[in-house]
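Quick note: the sequence shown uses the numbering used here, first residue 92, plus one each step.
No wet-lab data here; the hints were simulated from the structure. Cβ atoms here follow ideal geometry from the backbone N, Cα and C, with glycine treated the same way. Take the hints with a grain of salt, since some may be wrong.
List of simulated lysine-lysine pairs, DSBU-like, C-alpha gap at most 30 Å [what the hints assert, rightly or not]:
hint	residue 1	residue 2
1	K400	K335
2	K529	K400
3	K398	K532
4	K398	K529
5	K299	K207
6	K299	K220
7	K398	K335
8	K335	K238
9	K207	K400
10	K207	K398
11	K220	K308
12	K308	K238
13	K529	K335
14	K207	K220
15	K335	K308
16	K207	K335
For each label pair, taking beta carbons as the anchor points, the in silico distance ranges come out as [said to hold, decoys possible]:
hint	residue 1	residue 2	range
17	A201	D339	19 to 27 Å
18	A191	R505	29 to 37 Å
19	S206	R505	24 to 32 Å
20	S410	T141	55 to 63 Å
21	T507	D349	54 to 62 Å
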Amino acid sequence: MLTRLGYRINTTLEQYLPEQRLFLKSDEATRFVRLRPLTQALGLGIAGLTLTWTIIATAMILMDSIGAGSGRDQAARQQALYEQRLTALSTDRDLRADEAMRAQERFNLALAQVSKMQETLLASEDRRKELETGIEVIQNTLRRTIKERDEARAEVAALSGTGDVLAAMTPDEKIKDTVATLEYVTAALGGIAAERDASEAEAEEARKETDEIALAKRSLEMRNDEIFTRLEEAVTVSMEPLDKMFRDAGLSPDDLLDQVRKGYSGQGGPLSPFVVSTAGMQLTPDEVRANAILQGLDHMNLYRMAKDKSPFMMPISDSFRFTSGFGYRRDPKGAGTRMHTGLDFAGSYGTAIYATADGVVTDAGWENGYGRMITIRHDFGIETRYAHLSDIHVSAGQRVSRGERIGDMGNSGRSTGTHLHYEIRIGGDFVNPMTFIKAAKDVF
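With these hints in hand, go ahead and build the complete structure from the sequences.
Okay, here's the thing in structure tokens:
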């Protein structure tokens, strides 16, 4: 069967490749090797394949050489662009940090001014009460003087009624009685006139003092109104950015303030209401405004405590770059598209990592996939995670403060390079940490 097939192939190929003979001559004999068409075709095929492979291999080597050169140039250009971008980001971060520091200084200055205004307001209120007491004393003195004057007039009228008794006396008795009466009346009138003059002088002086006190009271009320207005404006300007920061982060300011107020320990606490009225009396307008301002200052203090208990701080203060955001992405290990539940910050190995809010460390150790990881529980149901660390400086159960160093950046766990994986959870649900970072950036 194979012989017939070979014969047919040779017959067909003989039209194009006739049989060839290769003679090998020696001293003793002459031999030849027969090259049939099939053998020639196989030889040509092998030679063609060898030639083709040589050309393709040469082309691939040349292309790799050219591609490597252009790839190095492209890598150099990308590295230069990356360094420029990194420099720009570092500059922008430094500017934002300076702005945050200046904003914090302005905030502290505003608090100091508000405290000073509050002291001035309390002193003004004390002065007003003293003036009211002085007016009341002068009015009592004036009423007593008028009463004495009326009693003196009544005595004069009583003396004038003794004339009816004189008709029943003898002429000598009348003369003596008249002389005695005149002397007594003269002395009494002199005393009454002196008392009247003194009373009129006291009344005039009291009227002048009353006018002066009324003028001082009006001036004090105008000054108090100006102080109240400035305090109200300062409280409003200071509270609006803080309220916006919490709302932008998806947190309810009212709920946060209620939780802070319930959990307040009593040190440096909420300001007490300003009450000076006696029991059963209605508050004055100034007292109502003072209570509103003190309530606003109390809210500012609660906002400050809520800010320290919420993760508005950046976990890194040194140079870094964002390498991956929150949401679905192509897995760097080639596992397809997966949900990325946090932010990735790339930086130098050993870069300091800081707690972004006050809280308690619930876990500090090795976690599958995360490597060395720290978990911190904060108030309001918030939890933060710091993964792929090279070193951990805290332990489970330890209480940490906002800005406290808790670890160092590393490459542990399922990681492709040195970076920090930062997560925020609220009520067990993942949220985008950039929401908190941008909210704080817009305020500070």
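Right, here's what the structure says about each hint:
| no. | hint | verdict |
| --- | --- | --- |
| 1 | K400 <-> K335 | 17 Å, holds |
| 2 | K529 <-> K400 | 17 Å, holds |
| 3 | K398 <-> K532 | 13 Å, holds |
| 4 | K398 <-> K529 | 14 Å, holds |
| 5 | K299 <-> K207 | 34 Å, violated |
| 6 | K299 <-> K220 | 19 Å, holds |
| 7 | K398 <-> K335 | 12 Å, holds |
| 8 | K335 <-> K238 | 65 Å, violated |
| 9 | K207 <-> K400 | 28 Å, holds |
| 10 | K207 <-> K398 | 24 Å, holds |
| 11 | K220 <-> K308 | 10 Å, holds |
| 12 | K308 <-> K238 | 28 Å, holds |
| 13 | K529 <-> K335 | 12 Å, holds |
| 14 | K207 <-> K220 | 20 Å, holds |
| 15 | K335 <-> K308 | 40 Å, violated |
| 16 | K207 <-> K335 | 26 Å, holds |
| 17 | A201 <-> D339: 19 to 27 Å | 21 Å, holds |
| 18 | A191 <-> R505: 29 to 37 Å | 34 Å, holds |
| 19 | S206 <-> R505: 24 to 32 Å | 52 Å, violated |
| 20 | S410 <-> T141: 55 to 63 Å | 57 Å, holds |
| 21 | T507 <-> D349: 54 to 62 Å | 44 Å, violated |
Violated hints for the displayed structure, listed by number in ascending order: 5, 8, 15, 19, 21.
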